[in-house]
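Each protein sequence line maps, in turn, to chains W and S. Its first residue numbered 1, the first sequence is counted upward by one per residue in our numbering. Its first residue numbered 1001, the second sequence is counted upward by one per residue in our numbering.
Keep in mind that the hints were calculated from the coordinates and are not lab data. Using N, Cα and C, we set each Cβ at its ideal position, and we do this for glycine too. Careful, some of the hints might be misleading.
[To be verified] Straight-line Cα separation of at most 27 angstroms, DSSO-like style, residue types lysine-lysine; simulated pairs:
id : chain 1 : residue 1 : chain 2 : residue 2
1  : W       : 272       : S       : 1113
2  : W       : 15        : W       : 289
3  : W       : 409       : S       : 1124
4  : S       : 1125      : W       : 346
5  : S       : 1131      : W       : 409
[Stated by the list, open to error] Per the computed footprint, the stretches of chain W lying under chain S, defined by three or more beta-carbons under 8 angstroms from a beta-carbon of chain S, are:
id : segment
6  : 569 to 576
7  : 579 to 586
8  : 623 to 636
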Amino acid sequence: MGVAKLKKAELYYHKSVHEQIAAILQESGACQIISTVEENIKPADIEALISKTDEKLADVRYLTRTLSPLYVDPVPALDRMLGERDEVTMSELEQLAAKTDLKAVSESIRSLEHEIGEVKSKLSEARTNSLLLSDLKFFAYPLSVITEGTRTLTALIGTIKAENLSGLDAALGDFSKFAQDSELIIAPHNEKDKSQDIYAAVIYSRSIDSEIREVCAKNGLSIIDVPAALTGTPEEEQGKYSASITELEAKESELAAKLKDSAQENMPAIQKLSDYYNSLSTRYNGMAKSEETESTMLTKFWIPVNKSQELSEKINAVSTDIELVMNDPAPDEEPPSLLNNSDTVKPFNVLTELYSSPTYRGIDPTPLLAPFFWIFFGMCLGDAGYALVLFGTIMYVLKKYKKLSGGTKEFIRLFLFCSVSTFIYGVISGSFFGDFIDAFLPPLVPVKNALMLVDPMKNPMQVLGISLLLGVIHLMFGLLIAAYDKMRHGEFIDAIGHDISWFLFIVGLCLLGVAMGGMLPAHFQQIGAAMAGLGAVIIFLYAGKGERNIFKRIISGFLALYGATSYLGDILSYSRLLALGFGSAVIGVVINLLGGLASDIPYIGWLVAVVVIIGGHIFSIAINLLGSFVHPLRLQYVEFFGKFYTGGGEPFTPLTLSQEYVNVKA
Amino acid sequence: MELLGLSLALFGAAVAAALAGIGSAIGIGIAGGAAAGVMTEDPNKFGSCLILQALPGTQGIYGLLIAFFVLSKIGLLGGAGAVALNWNQGLQIFASCLPIAVVGWYSAIWQGKTSAASIQMISKKPEAMGKAVILPAMVETYAVLALLTSILMLMGVQVG
C-alpha cells in the first residue's frame, strides 16, 4: 500500500555486454535510469548506436507522415483504442527490421511523390492554358501570329473594359498609318454591360509594334502574355490540351492509387518498425546516462524492491563479470514515487496522479480518498438504471477487449466500481431511469418504495443533512491525516495547534447543534460545548505563538478563529452532492414525462416515445457522468487535499518499450 | 386578474430556462472558439477539448430543470390542468427561479472563459487534463449552489 519502496541500484559491467544489459533493463519496465554524467557526454559506443537509430527513425517518420493519411486500417479506430492490437516480441521485430530495407521503401515512396508532384504541376499548367484558350476562341488565326509573328505581321491580345472599346477603335483608326496596317478583332460580348472586361486582339504590321503597344496601353487594353508553346488556332490548341488533361488526370489517379496501395502494403510493417526503433531510441538515450571507463560501464537506476530479485537474476545470467549493488535510498536523496496499491484501490491511483504524485516519503492519499470518491460519485449520478447501463457497458468492453492497456483498463474499472455505489444510492433514493417505475411500471412501485431509505424529491433537507454530514466526516478525516503526518515527523505542537484544535472545534459544534436539535441525548450538549471551547482556546493560543506583543497575540488569535468561515464554506460545498443527485433524477423525470406526452401522438406515438426515452436517457447519462466525475473530484482536490496533501513528488518513469501501434513483449 | 399568478409563475420558468440557456450558449461558444484553435494544430485533442467545451453547458440544463419543475408544480405538464394560483404564489415561484436564472447566466459565461483558458493549457500540456477540468468546475460550484437554492425555494412554495 502507498508509495512503493525503491532501491538504488549500481550496475558495473563490461562494455562487450552493454547491449544485452540495456535490453534487460528496458524490457523489465521497472528501471528508472539515474543520470550520472552531464547531458552532452555520452559513451562513444552508445552515441554510435543512437545516431544509427536516428537515421532509421528519420525514414520511419517520413513514411508514417506520408502514408498514414492514406492508410485504411482494417480494424476500426475504436477497437484499436481499446487495445485491439497485434502482439509481437522484440526478437520478431528485430527480424522484421533486418529484412526490411527502409531506405529502399522510402526512396520509392519519395520518387512516387516526386512523380505525382510533376504530374500535378503539368496538369495545373494545362488547365490554366485550356481556360485561357476557351476565352481566345474569337481569334480565328493561329496563335503563332501572336507568339512568333509572320514575316510582316504580328499581333497582341488583351482585355479591355467595354466602355473603352470605342476609344481604342478610334485611336487605332485615327492614326492613318495604322488604319491600313492593323485590324481590331473583338470577342463577342453583351453590348449593354459597359463595365465588363472583354477580350480584344489587334493584328498589325511588325514595323509599328512599339507605337501600337503604346496606343493600346493608353486606351486601357491590358495585354495578356500568351505562352510561347501555343502556336495553332485556339480551337486546335484546346483540342490538344483537353486530350492531354484527360491523360494527365488518368496518370495522376493511377499514381495516387499506387501510393495508396503502397501505404496499404507497407504501413503494418512500418508501424511495427516505428515502435521498434522508438524503443531502441529510448533505450539508448536512457543508457547514455551511464558512466564509462576504458572497458567498463556503470549504470545507476531506481528499481522497486519487489522487482529487484527478478532483475538481478536476469542480469547475473548474462555474464559472471557483472557487479550489481542495491542500496536503500540515502536520507538526503529524493527518489521518484510509484503508487503501489492493491487491486481494489488501484483504479483510484489516476485521481491522485491527475493532481500530483506524492513525494517518496509522503503519504499516498489514494486509499484515503477512494471510499469517499466512491460514495460521492454514487450520490451525484444516483440512479439505479443509469448504474446498470454503465455496469453493463463496462463489463461488455472488458470482456470483448482483453488486451486493454493498463491505464485505460484501470480508468474503466474506476467507473465499474462507481457504478456499484450509483446503483446502491439509486435504490435507496428510489431513482430508476428517473421515475420510470412510477410512470410506466406501476406494479413495481411497492417494491421500489419498500427499498427506499431517503426521498430527495419529497424531503430534500434530509439528503442535504446527509451530504453535509459526509462533508464534515471527510474534512475531519483530512484533519486527522494532517495531524498524523505532522506527528510522524515529530511536530506534536503543530499537529495539535493546527489540526486537532479545529477537529475538536468543529466536531464539538456539530455535537452541540445535533444535541440541541434533539437528535442526541441532552448531555451531548455539554460534551460538544466543552470540545468546541477547548478547540477554540487552542486555536486562539496557537495562532499567536512566537509573538511577544500581547495585543498582536490577541489579534492573531481572533483572526485565526475567523478561519472558521472557510470551514463553513468547505462544509456547505458538499451540498452539491444533493444538487447533482437531484439534478440527474429530475432530468430523468423530465425525459419520462416528454416520452409520456409523445405517446399521445396518434399511431406513431409509441415509437416517438421510445426514441425520446432511450435517446434522452443516453444524453442524460453522458452529461451526468461528466458532472459526477468532476464534482466529487473537486471535493477531493480542494476540500480534502487542502487539509493535508500537497503532492509535489516526481513520478517514477521507468525505461519502457514504445507501444504506439503494437503491443511489444520482451 | 385571476390568471396573474399563473403568468408570474410562467414568467419565472421562462427566465430560468432562457437566461441560464443564454449563458451556457455564450460560455460554450467562447470555449468552442478556443477548442477550434487548438484543434487546427492538433486534431487528436478533440476528445479532451470536447469535454472542456461541454463544461459550461450544465447551467442551461439546470435552468431547464427548474423550468420543468415549475411547469409540473403548476400542473401544466401532463393532463391534470393548471392549479389555481393567486398572485402572491405566482410571485413566490417567480422569485424561486431567479437564483438559477441570474447565477446560471453569469457563471456559464465565466466558466466558458475558464474553459477556454484550460483548453489553451492542455494544448501545451496534455498531461494536465485533470487540473484543466477542475478549474472550470470551480466556477460551476456557484451555479450548483444557485440550483440548490432554487430547488429548495420552489419546494417551500405552497400551491393548490
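Results of checking the hints against the structure:
Taking the CA atoms of residue 272 (chain W) and residue 1113 (chain S), the gap is near 42 angstroms; set against the 27 angstroms cutoff, the hint is violated. Straight-line distance between C-alpha atoms of residue 15 (chain W) and residue 289 (chain W) comes to about 14 angstroms, which keeps the hinted pair within the 27 angstroms bound. For the hint linking residue 409 (chain W) to residue 1124 (chain S), the alpha-carbon distance of about 26 angstroms falls within 27 angstroms, and the restraint holds. Proximity of residue 1125 (chain S) to residue 346 (chain W) is assessed by CA-CA distance (about 24 angstroms); at most 27 angstroms being required, the pair is judged to hold.
Proximity of residue 1131 (chain S) to residue 409 (chain W) is assessed by CA-CA distance (about 21 angstroms); at most 27 angstroms being required, the pair is judged to hold. Given as covered by chain S, the segment 569 to 576 of chain W passes the check, having 4 residues with a CB less than 8 angstroms from a CB of that chain where 3 are the minimum. Taking a C-beta to C-beta cut-off of 8 angstroms, the segment 579 to 586 of chain W contributes 5 residues in contact with chain S, enough for the three needed, and the coverage statement holds. Beta-carbon proximity to chain S at under 8 angstroms applies to 7 residues in the segment 623 to 636 of chain W; the threshold of 3 is reached and the given coverage holds.
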